[in-house]
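So the protein sequences, as listed, match chains A and B.
For the first sequence, numbering that gives the first Met the number 0 begins at 0 and goes up steadily by one.
For the second sequence, numbering that gives the first Met the number 0 begins at 0 and goes up steadily by one.
Just a few of them, taken from the derived set where beta-carbon distance is under 10 Å, the chain B residues facing chain A:
1) E105
2) R216
3) R282
4) D287
5) Y421
Treat the hints as calculated values from the structure; they're not laboratory data.
The model shown is predicted, which means the values in this text are computed figures rather than measured ones.
Note that beta-carbon positions come from the ideal geometry of N, C-alpha and C, so glycine has one too.
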Amino acid sequence: MLRLAPALVIALLTLPVAAGLVMVGLPAFGYLPVLGGEALSLAPWRELFSQPGLWRSAALSLASGLATPAVALGAVVLFLAAGQRGRLARAVHRLISPLLAVPHAALGFGLAFLIAPSGLAMRLLSPWLTGAKQPPDALIVNDPLGLSLMAGLVLKEIPFLLLMSLAALYQLRPEKHVETARSLGYAPTLGWLKTVLPVLYPLIRLPVYAVIAYASANVDMALILGPRLPPTLAVSILEWFNDPDLERRFMASAAAVLQLGVTLTALVIWWLGERIMARLLRGWLCAGSRQRGEATLRLVGRTLLPVAGLVALAALVGLALFSVAGFWRFPEALPQSITLDHWQRFTPMLGEALGSTAIIALAATLVATLLVLAVLENEHRRQLQPARSLWLLYLPLIVPQIAFLFGLVVAAESVGIGPQIGLVIAGHLLFVLPYVYLSLAEAYRRLDPRWLEIARSLGVSRNAAFVRVRLPLLAAPLATACAVGLAISIGQYLPTRLLGAGRVETVTTEAVALASGGNRRLISVWALVQALLPLLGFMLAAALPRFLTRRETRHGHH
Amino acid sequence: MNTTLAHTAAFALFAPRRLAAAIGLAALCSATLASTALASPDPNDWDAVLEQADGQTVYWNAWGGDSRTNRYIDWVDGRMQERFGVEVEHVKLEDTGSAVARVLAEKQAGNDDDGSVDLIWINGENFAAMRKHELLFGPFAESLPHFDLTHPADNPEVITDFTLPTEGFESPWGRAQITFYYDSRAASLAGQSEPPGSMAELLDWARENPGRFTYPRIPDFTGSTFLKQALIELTEQDDALYQPVSESDFAAVTAPLWDYLDALHPHLWREGRSFPESGPALRALMSDGELDLAFSFYPTDAAVAVREYQLPQSVRSYVLDGGTLGNVHFVAIPYNSPHKAGAMALANFLLSPVAQAKKQSLDYWGDRTVLDMARLSDEQQALFEAQGDNPALPPAGAFDKTLAEPHPSWMTALQDAWLERYGVN
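Excised from the complex, chain A in its bound form (with noise of 0.2 Å):
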């Protein structure tokens, strides 16, 4: 039965992607019987490319979606480079699960009133310092050439990489490494890039891919911080798709497919930087240089990630200061006065919500845990390398979700599924899914095969030597996958809304729905609970390993 693991997961994930590309790819050509199209032809390609600034829209997505990851992975990595044993590593290290949990709306929220001329940072700072009585009237927010929206995306980012980067440096034993390096005379951060950088670079590309695609069709953070005239393309596409007029729908479709090209576009520039920077850093690492840039790659590497976490921290206390603000109005630095009513209003809605939400969010992440553990233990009984075709694994984050999830829609209409919870579950394990196996599989494939082996020669079988020693051993990457997991299911927002037609409320459908009320009280109380939720997971995983192993080795003591 494990044999089928790997074929049946494959499908799981790409057949519905498949099949929602094949729904919009078909309008995109002018087929669409439903509003009278019944001939292929280029008429929706045509329309579109003759829409103002299109090619600024996907220029400023393609844009996003390059200097996103290379900023945040910068960031990421002069930071491990520069040492991970003072204290404010260890601080960085206990703030990383909570921003990781902030759902990408809400963060988006924090960061526009932190920096808007009449944010949270001109209101400490005026008037008795700029002189301001009235807010400047500066272009930050929404600035043309998306540079709020790269910076929102790259708090966004770094947690998620840091967290893969630390899960993939726990296999690499990095001190050895650096030791070495520190003995031949190289200063500690640059024989950190030159001797651990290389190998861990692979193991963490793949996390990194999925940035790219997200940072360059997402729709929920350029919708808050995103330019405005024109919009990013993903942002166009979804007016595209809600315009009343409803044969819009064809140029709509087109830009799916374009949006899709423009990933993929961004996906083979990155590819292609690999090389190129492979090539020029193979001088620079064989060249023997011992120390020079030491200080400036230290310097960068101790404050670029600390201050993005500050700015993200500081965002969030934004959120929860409006929360509970009465008035509050530029140039006061504290609202006038405070109040619970914001709060109250919603605890009545709030239980069916959350009831939904950790449903969905605890069902997706069982069934992708449980077909992840099934398709590496396959791979690990059977010897196998692993599978080429596990590419396919993410194809769901590296298609964007505006260019199937419309069709995908329709396919499973099609087929008689309607909206229900059961739906919008396997519609949260298409991302859910390729989150959990990102994080699991290297601790699991280099989990040392020696413990295994003494487990089997001891008599035990294969199945209890995987519930009794694997499991126990990987049960700190499991919780970490199981909390990422959670995290990634309820910040979904398009394929709630969309499989569960609305009928399937959660706490993010929720929030989007309110902050389109643009009452910034109520959206932080929800950003919030929003935020407050994956936070516990997270909490949880951190426990719960520590919990259970105390237990089992006292029971060992036995």
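The hints should help you fit chain B onto chain A, whose structure is shown.
Just chain B now, kept in the frame of chain A:
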């Protein structure tokens, strides 16, 4: 083992409606399956409608961005359960277009009798599109027992939606009208006896107070309404606006509008290089102190926002001297709703004096009634409490002059032309 079990479990959660559905992709696109629907209820046999409605759950797709509207719908749910045994589930939309898209996707997939949307809060372009593509059930509205209270003979706007006759395919629910509001203590307005009362005065005011006014980015609904308001006031050819746009010389009719906007934009917030995303986002800018003057489609918006700590006590509302655009919003039933009886019972309840009075009350929502007050009995009129003298409300008589919405085709044409001119900065 784990794998298969998990897989089966995931799929056991589904309840496939039509297992016979085709498998090939071609079939996926055009599957038209034999209809097994219950016969649609006859709106003229009201007792039968109520009987059939009892026990149904109505999925009401309505914009969910306002917690007060949401709370009102929650109250409606309670009443409907109590009185008619109908459960109302509010599907909170971020955009009405997404519900239209859902019905279209269902039609595309051949689901003609078990749709997921039972009632939509709708008007204007969305209604026109759904009618055009035959996505609505009806006529039903004029058969609703409470419909007569709107007295359409005197109030043609309850049966006309953006110049299109509703023909009973949607039932009136409430009224909106563009209402401006300003901060009476802001430096730009404190010295003046009157805020800008026309488009020309608005331009003069913006020149003197740069960066303190803006409107939502097109194609947003509220932003597009601002364009129409300006166009009605600026063009000489008003009659053309009430015909399909294809029947007139668009460039000639709209030339004064573009001249006006070319002059206005440099004096807007961010010099017109960016615009807020929506009407609510416009209010948020007022709330932050970035603007002194703004507008809303909901006349009580500012008063409500003051109560919710979003706007200062010094905010005042008014309507332009020549009147402003107003329209009626409606509820409609998709053609494939499986709960049409429940949806009709709900639409009828929404027209009852009790529900309309509750909706108009500032404590709930503050949305104006579509009933003809003169036709109500004294008892029914008494339900509508006086709105008091809340200083943030528009003055009495402000809505005497209501300008009618142009033909929906103008909205699309104006949006496209705006994006062509200003969509890329």
